[in-house]
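Participant: Below are the chains, spelled out letter by letter.
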Amino acid sequence: MAEQHPIARVQGVTHNYKKTLALDNITLDIPAGLMVGLLGPDGVGKSTLLGLISGARKLQQGNLEVLGGDMALTNHRNSIGPRIAYMPQGLGKNLYSELSVKENLDFFGKLFGLSHTERKTRIARLTQATGLYTFLSRPAGKLSGGMKQKLGLCCSLIHDPDLLILDEPTTGVDPLSRRQFWELIATIRNERTSMSVIVSTAYMDEAEGFDWLVAMDDGHVLDTGTPQELKTRTDSENLEAAFIRLLPKEKTANNSELIIPPYEKTEGAPAIIAKGLTRRFGDFTAVNDVSFEIQAGEIFGFLGSNGCGKTTTMKMLTGLLPVSEGEAFLFGKPVDASDLETRKRVGFMSQGFSLYGELTVKQNLMLHARLFHLTASKTTERIEALVKRFGLHNYMESHASSLPLGMRQRLSLAVAVIHEPEILILDEPTSGVDPIARDEFWGLLVELSRRDKVTIFISTHFMNEALRCDRISLMHAGKVLIYDEPQHLVEAKGAASLEEAFISYLEDAIGEVDTPEIQLDKPLVTETDSSGGLKDKTKDVKLRGFSLNRLLAYSYLETIQVIRDPVRLAFAFLGSAILLIVIAYGISLDVEDLTFAVLDMDQTPQSRQYVSNFQGSRYFIEQAELHSTDELERRLKSNNITLAIEIPPGFGRDLKKGQTPSISAWIDGANTTRASTIEGYVMGAHVQYLTHMATSLGIDASATYKVNLVSRYRYNPSFETINSIGPKTPAMLLLLFPAILMAVSISREKEIGTITNFYVTPTNRLEFLIGKQIPYIGIGMANFVILTLMVVFLLQVPLKGSLLGLSLGAFFYVCASTAFGLLVSSITKSQVAAIFATAVLSVMPSVQFSGIIQPTSTLEGAGHFIGSVWPATYYMHLSVAAFTKGLSFTDLTQDLVVLAIFGPCFVIFAAMFLKKQEA
Amino acid sequence: MKTWINIFWLGTKELRTVLSDLFVVGLIVYSFSVDVFLQATAISESVNNASIAIVDEDHSALSRSIANALYPPYFKEPELISAAEVDDAMDQDRFMFVITIPPKFEQDVRQSRQPSLQIDIDATAVTQASLGNSYIQSIVNKEVNHFVNRSDATASYPVTLVVRRAFNPNGTGMWFGAINALLNQITMLTIILTGAALLREREHGTIEHLLVMPLTSFQIALSKVWANGLIILVAFSISMWFVVESLLDVPITGSRLLLLSGTTIYLFTAAAIGIFLGTIARTMAQFALLLMMVIIPMMLLSGGLTPIESQPEIIQPVTWFLPSRHYMAFAQAVVFRGADISIVWPQLLAITGLGSVFFIASLALFRKSIATEK
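Protein chains in written order, with UniProt numbering: chain A, 1 to 919; chain B, 1 to 374.
Think of the hints as simulated: they come from the structure by calculation, not from any bench.
Check the hints yourself; a few may be wrong.
On the chain B side, residues computed to face chain A include the following (Cβ under 7 Å) [as the list claims (entries may be wrong)]:
#1 ARG16
#2 THR41
#3 GLN111
#4 GLN114
#5 ARG165
#6 PHE167
#7 GLY171
#8 SER356
Just so it is clear, CB atoms sit at the ideal spot from N, CA and C, and this is done for glycine as well.
With these hints in hand, go ahead and build the complete structure from the sequences.
Facilitator: Here it is as structure tokens:
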């Protein structure tokens, strides 16, 4: 298979992220059937290139042919999609952490259209080969870093791809797992020689084993060739040196061999002491009985894989996490989270350089100087010194988020040392940074340690960095295996390198620890297998077009995720039930118990008789009498009364004389709707008075009426608010809750990266969207049942009309509300933005424009328009019609038809906005 | 002193963070301009453009004059329908009101036989039903009187009643709508903004970075409160003066300074609730659900939608715990009634008290909530 068509042909490809240039006019042929390595530090464009080749990213400029076709064509991407497997960067980035190992594999199998039996056989074989078989039911989130990567690999291999793309698969994985990982890949390639593999890595030593290399820097290809060719060309002993020599001159100008002066032990108490530190999260022990002592001025290294407890230990030392058991001391004092004085003597650089990206370099430095209360002159002095020493002067006004990784790392360190701490705790400060920047960074550390006598506690997974530490501790699965000087560790094991020594210690430990990692003695599948193993199978036509199975795979996935988050589930149900009670009881349109007072300036029996009309009414509650107009005004102002009746002096006298005296009623007009209602009550009481008076004079008052007005209150003869609000409230709840849950669900996939599975598998937009929507429609319908039962039995609003019509309406409505969530999340990038947008865009129309109090038909202008294009309006209408009006199914059809339209429309819009590729 | 300096500088960072997120800024601007305007102008009058039909079985001059007396803005042009159509039309919600004028109506009126005139009302819209009914009654009575007396003069009654509305003499519904809308926006946006600011720092890990510095949870929390509160306060002020006062022409009777000070206090309380939710929620999904559970009652039961005294007695004590209720009472008093501090201090006290409770509760849970994360 040696000389054949290149697997990928890159011609003049350029890629930008906003203003940052990631790939600069790259032209490259990647040979097929080989193990090809992309070499270079983070941020040089490796991931971008891999994303483009896999089809996960959208091609911006240039030509790209993969597997013999143009990647700019959707049709070609769709047809080759199933032949490519892509494992994105980051430990378990494309795995679903709530799902078990088996469920994850099953999900990927379904996406590629494997039958049940096929999936079963392949999962069994792959997991046996990788040692995951014993952990089939363990959630992916609880696997160690190495196991996550193996699972990721299994997921990629489940559909038997022709091209396997791995983006930094071993970063952050312990050396034993790394070695096993590469052995696994080698085994697979032996069996399927036709498979091409493209891998990116920042570990130069790994690249030695690859067939063909592409060295990259700053969006350019430096050189290509076999490892031997690269070394010969640059006349270097190893690839790391070769790589540095390939770099442009100006970058390597001040790169000199790092010399570390020997550590002189200082007397006095150790700076950091850990005694039997233990930390548990639930039933999971993250750190188990860790003890060590670090001397003042020492560089102490913490070596181990991601997730082995390094970060947790550091957090306990800084007081961020309370310890479950054991003790920690800094400067001889027990760690106390409330001790601000100690914190001033410690600098901390957390994983991933948690800087404020939206602040500039200068602002970041200033902020920290201020928070540590350096004086103005000291601040200027420190910042000047640090900027000079760390080479930040060209970046002072740049935003931290726009800095190259190496610069961000330096800024992080500058920020951590601005207050001249005596202890510096650094959590993986060098991951992802290129070798030169790492060397420079270490130069700074050495200076701090040896010159300023700062105690440095650093965690890393680079072996060559570990060698530079005065002492290191090897950590695995929450335990410290051993700690000593690196050289001693190597000698004690009689190993050739620290890496081998570490592997040897790991193997010792795994013997005792209850995590049997792998048994690679079992051979992986053989190609002759015909029962559904990794055989070269013709790619099915069924992978193209719409697949119900893939859709259901997403539904199943989402269902499991929701069920495994009981808090969310409980809120979804309880929340709407509680709100139903609060709102349905709370909103009352019956205006009663109005406070009123009388300003009776007449004080005659006639005036008192007039007032008695109000006193007897159930609408009014009388307050202490008023004595002056000033008081009247004041008490209206202070909301002490909402109605004041003012009877003028001489009322009785004028009345007797037939001089038509005039009475004033003052109504608090702030709330206009209420004021209108009160006005009606007041007029009513007045008329009643007149009728009384007429009757007492022997006149038949009713005779004075020309007509007899008969008002019939239909549908709600008792005129109770609950009959109207009861059926309307579920409309609000069935919109807001499903919409926001749905929106968060999709934006969460975007944020944690599992959306990549949608990009690189044959899943189409509708399968993804509707598949994810179905479980939430289910939740919505369950909510509908609960709410309906509550309305009928608790609020005692009988369902007089068609239950079928109401249920069907609810179904359409929930489809619409979840689809609205889909639409919002297809536009927004982060979860915060999705919540913000869903709340801002959906609460107002549902509360104000859908007719819960004010019917949409009586609204004006844009409010009227929004109300008429908002599904809640129609569902409220339908719900009232079904409950209170008691309409039959046929009478509800109009609302049903309108409701049925919303869902599909929203989904179509969402599908239009949702991108099938990353930018 | 150092504490306040820290709070100040941390807050400036918050301001920069929010203002650099153009999407969020856009939503805030929209909420305080377009959204407030829409809500205020949507409801002009409780009975507005109400659909009405007349079953005219009389076909007389009087029945026509009744039909002509019903016109916008209260009612739409009445439609003439037949008696057989009434049930269906009302079921289908084509009309909110149907007036049935019986045969020989005019003749009977003339002969003082007190004919009956039936008004069918769709009572599922409670407020509109009762108000509309009284409008129709008075319109019909007026037309009939006019017809009988051949003049506008009403029958002379022994006593006349003059009803006056204090604080909003013309009963312009937009005034109340505008203030109500503005208050709802404040509640919602402040809580989301502050809560999300805390959760975002937790997600990005920067909160740990802060907690290892010589800063207390009090300083971190308070800096978020003031910074996010300030953003909303500025948005509120601009919206109040430009959208509400200038564009919508709503007069502010009371002291602007008092209104701003009270709003500031309320913003502290709303932001404290945001911090509280951000502290107890572990994921964004949980925060979103909690948010809905909190803001919906705060908005619906504040007294803006239905007056507190009309709410059932079981609910009324509960609303006492809603800061929005006190703030609504405060804002109405200042804006419409021109109340001064001597009148509104109890509300301000209640808002402050509730805010402090939420703030202290968040502080108590702060470190614990960081520690339970993994």
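Participant: Against the structure, test the hints numbered earlier, and report the numbers of the ones violated in rising order.
Facilitator: 3 and 8
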